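Construct the entire structure; sequences and hints are all you get.
What follows is each chain in one-letter form.
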Amino acid sequence: MRHTKLFLAAALLGAPLAFSQDTVIRGGTVLTVTEGTLSPGEVLIRDGKIAEVGTGVTVPEGAEVVDAAGRFVMPGIIDAHSHIAAESINEGSVAVSSMTGTGDVVDPYDINIYRELAGGVTTSNILHGSANPIGGLNVIIKHRWGADAAGLVLEGAPPGIKFALGENPKRSRGMPAGVERRYPATRMGVVDVIRQAFIEAEAYRQEIADYDAATARGERVLPPRRDMKLEPLVEILEGTRLVHAHCYRQDEILQLLRVAEEFGFRIATLQHVLEGYKVANEIAAHGAGASTFSDWWAYKVEAYDAIPHNAALMTERGILVSINSDSAEEARHLNQEAAKTVKWGGMSEEEALKMITINPAIQLGIDDKVGSIEAGKDADLAIFDRHPLSTYAVNQMTFVDGEMLFSRERDLAMREAMASERAELEAKLAEGDDAGRGPGRRGPRRGPREGVRR
Amino acid sequence: MTRVGRNAFGIALALTGASGFAAAQEEESWVIRNARIHTLVEGAAPIESGSILIRDGRIVEIGDDVAAPAGAAVIDAAGMDVYPGMMDSVSQLGLTEIGAISATVDTVELGEMNPHLRAATAIHPSSEHLPVARANGITHAVVAPGRLGGFGGGGAGISGQASIVHLDGWTVEEMDIDASAGMVLTWPTLSTRSFNLATFSMDRRSVREAKEEYDRQVAELGEVLDAARRYAAAGEAGARERDIRLAALGPVVGGEMPLLILAQGEREIRGAVEFTREQGVRMILLGGSEAWKVKELLVENGVPVILGPTQRLPEEEDEAYDQPFTTPGELHDAGVTVAFATFGSSNSRLLPYEAGHAVGYGLPQEAAIRAITAVPAQLFGLAEDFGTLEEGKVANLIVVNGDPLEIRTQVEHVFVNGVPVSLDNRHQSLYEKYRARPEREH
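As they're listed, the protein sequences go chains A and B. Under this note's numbering, the first residue of the first sequence carries the number 1, and numbering increases by one thereafter. Under this note's numbering, the first residue of the second sequence carries the number 455, and numbering increases by one thereafter.
Treat the hints as calculated values from the structure; they're not laboratory data. Keep in mind the model is a prediction, meaning the values are calculated, not measured. Treat the hints with caution; some may be incorrect.
Sample of chain B residues with no beta-carbon within 12 Å of chain A, all distances over it, derived [what the hints assert, rightly or not]: (1) Asn488; (2) Val562; (3) Pro579; (4) Leu644; (5) Gln733; (6) Ala809.
The calculated DSSO-like cross-link candidates involving lysine-lysine, where the alpha carbons are at most 30 Å apart (straight line), are [what the hints assert, rightly or not]: (7) Lys747(B) with Lys428(A); (8) Lys749(B) with Lys428(A); (9) Lys749(B) with Lys665(B); (10) Lys747(B) with Lys300(A).
Beta carbons: idealized from backbone N, C-alpha and C, even for Gly.
Shown next as structure tokens:
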């Protein structure tokens with residue numbers, strides 16, 4: 001009996017659909033995001049990828065069929081600003097912490113990976129904190145619940161880095177008694193720190209170039225000492241590392257754009273960018289993307305001019321905009337956050353859905369893999385019971401790389417199985433039977449997560 | 455303020471017409487026509503195409519066929535829906551402007567025993583948060599002092615009296631609905647860990663120590679209520695010495711004013727229910743993250759719950775991922791009276807979505823709407839004047855182009871205290887200002 005239950009629990013938790021097997025999701029409304037809406041439409045999944053999308057897709061023999069009648073199939077949600085699955089990721093002791101990175105501390109056991117999966121999120125950009133004008137490196141994860149730390153990382157995503165402007169890097173809220181203040185303490189100082197760092201990075205790049213030239217000439221010279229702080233900055237100068245800059249006020253946004261232009265690189269995304277609507281012309285001209293949250297305001301001075309129309313207004317001016325969470329809670333209903341751009345600012349429903357799918361994918365440089373329902377892309381999908389922009393919509397299933405890693409039905413069944421197992425154990429305990437309680441009589445140690453590891 | 459006082463205010467307001475739009479419009483009346491009217495009167499179906507006549511701050515007539523008096527302003531609401539105005543049943547509207555700037559925050563007074571303090575004395579009528587909430591259909595709100603969301607284990611005690619206000623008015627007196635609507639009590643938590651702000655680290659202590667402190671705090675609360683009873687008795691017997699703290703607790707021990715008890719954990723909720731039962735005082739539970747674990751207890755003791763935000767994380771790692779979403783439906787099914795609140799200020803406009811989110815997870819849609827209109831009005835003894843659309847009630851109502859719990863729905867008109875209020879606010883003006891900025895020429 002007990003073994004049956006264990007098996008059941010493991011099956012419910014893990015039970016990946018075998019890779020070799022095709023899956024067809026049919027009968028539902030397919031919101032491809034980039035290629036219109038099919039109602040009803042089918043999505044054929046093969047080897048973790050979307051093999052075919054359309055109406056009247058032939059169901060291959062032996063394929064698993066997921067009935068999505070009355071439901072809405074959308075691309076897995078992408079969160080361009082997250083701090084889950086990592087701990088202690090705000091190295092604030094130095095003003096430039098580019099030698100650190102969130103990829104070093106990925107925690108595959110963070111329950112928020114699963115909770116967000118349940119909300120339809122399949123990809124998250126895990127950013128360093130905002131204590132430094134130039135912060136640590138990022139890592140982009142897929143919500144492959146059950147995988148180990150390395151297994152979560154999205155392969156082939158362009159590397160990125162966090163910058164931060166304004167109140168947080170200048171540490172406006174003060175430090176506990178006894179902690180020394182750290183430069184910078186003003187927005188002027190923030191700009192200075194960034195400029196100084198890139199002056200150093202340029203010199204370092206020149207050192208490397210000189211060395212390469214010398215060795216090419218056949219000279220025997222010492223290589224430059226490797227500098228882990230400057231290496232990522234050289235990559236920024238080379239255009240191979242994306243800058244994701246936390247910012248609020250229009251003045252600091254503009255200054256960052258100008259510093260980047262001075263050193264010849266482009267800011268990939270302005271994060272939060274709550275006053276982005278004030279300098280939308282300049283952001284558009286620079287070519288930066290904007291990733292904002294929908295409607296938080298007034299929690300600090302630099303958030304006092306935040307308006308919920310920000311995303312819409314920036315979009316109107318030609319900026320590529322995404323809606324992010326910056327919160328393990330908010331990430332659970334990014335579909336609702338996107339709906340707020342329809343309410344405030346009059347975005348179309350298509351445009352709103354793009355803000356949590358293809359737009360963040362483009363911003364993160366991963367739109368060749370994820371962000372829409374197109375043949376050839378990863379089979380990352382969420383299936384809602386209503387249109388996902390409805391307040392009442394509940395996500396029923398989430399697929400990552402073609403595997404159904406969340407199913408509401410399965411989650412509910414698992415709860416029941418665990419509750420009855422618990423009841424059974426408690427009943428045994430109440431019987432006063434201590435046969436199973438002595439040391440050495442315990443079964444193999446087993447945590448709730450073990451069953452989901454692949 | 456007592457009910458008599460409140461009514462007196464209503465009359466005064468009608469006579470002076472002091473509120474925003476109403477200046478020099480004393481005699482004006484409004485008729486909303488052709489609307490689908492959701493009265494929310496229990497058992498009543500919506501009026502498919504009806505009219506509402508509003509005069510002197512009140513709903514004068516409501517029905518299929520209402521004649522517009524001469525001079526009445528007519529709002530054609532064809533294709534739109536009318537609902538009672540939404541009530542945020544616990545907020546800090548007007549008490550805080552910018553969270554990080556203490557100079558703008560008047561939510562928490564020093565000391566653990568402040569029953570004599572009233573939110574209404576510090577509500578800032580010009581707060582930018584009020585018109586922001588109003589523009590999304592929140593017409594009135596309970597404003598509660600205290601650390602409602604706070605972190606760390608501290609903050610237990612009585613933080614003062616919650617006040618109910620209209621979200622419009624030149625002064626707080628004009629906004630007043632009930633300045634002393636409930637006594638806010640943050641229930642002590644039995645916690646072995648507390649955050650030490652001085653060292654920025656967690657302090658730990660033994661369970662025994664924590665239990666001793668918890669018991670002491672609960673005993674002290676009991677002693678304070680006993681003292682309030684003795685004070686009231688002494689006053690009746692002619693004693694003249696004044697103690698405004700104990701006087702403020704008079705209505706609580708007299709059963710006229712509810713204790714609004716903020717408690718999240720099962721143990722704390724049980725403790726609070728037991729305490730109020732023993733003390734014979736009325737309790738409304740605020741927060742109630744783990745209320746789903748004590749449904750029967752709440753039903754047996756007739757304790758209603760004003761739930762904290764639906765959109766929050768589960769309390770424990772092994773709790774169901776959707777527990778905060780299903781809690782409202784579970785409580786409703788069990789027969790617990792449920793209302794929603796934001797417990798905030800800048801986010802008060804999100805009240806309908808806190809309710810709406812619970813609908814996907816089992817709370818009937820009608821119950822969700824009632825939980826932000828009729829139910830809180832009943833909880834605070836305002837059902838005679840608020841909560842449903844009925845003749846004679848205060849005209850706090852909204853005209854919307856669909857289901858107000860749906861994010862994509864727009865709020866078209868808002869009436870507060872019988873007059874249409876502007877839907878403009880800081881956000882709308884900034885939007886319009888910067889939308890008008892010329893496009894850059896390339």
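Minimum Cβ separation between Asn488(B) and chain A greater than 12 Å? holds, 24 Å
Hinted pair Lys749(B) and Lys428(A), Cα distance within 30 Å: The hint holds at about 27 Å.
Can we trust that Gln733(B) is non-interface, i.e. its beta-carbon lies farther than 12 Å from all of chain A? At about 34 Å from chain A, Gln733(B) clears the 12 Å cut-off, so the statement holds.
Please work out if Lys747(B) and Lys300(A) have their alpha carbons no farther apart than 30 Å. With a Cα-Cα distance of about 36 Å, the restraint between Lys747(B) and Lys300(A) is violated, given a limit of 30 Å.
Within a Cα-Cα threshold of 30 Å, do Lys749(B) and Lys665(B) meet the stated pairing? Holds, at roughly 25 Å.
Could you check that no beta carbon of chain A comes within 12 Å of the beta carbon of Ala809(B)? violated, 9 Å
Closest CB-CB distance from Leu644(B) to chain A, is it above 12 Å? Holds: least Cβ distance 24 Å, greater than 12 Å.
Distal placement of Pro579(B) relative to chain A, Cβ over 12 Å: Per Cβ check, Pro579(B) is outside 12 Å of chain A; nearest 17 Å; holds.
Does Lys428(A) lie within 30 Å of Lys747(B) when you go C-alpha to C-alpha? Measuring from Cα to Cα gives roughly 23 Å; hence the hint holds.
Checking a non-interface call: every C-beta of chain A should be farther than 12 Å from the C-beta of Val562(B). Is that right? holds, 16 Å
In this structure, the earlier hints numbered 6 and 10 are contradicted, and the remaining ones agree with it.
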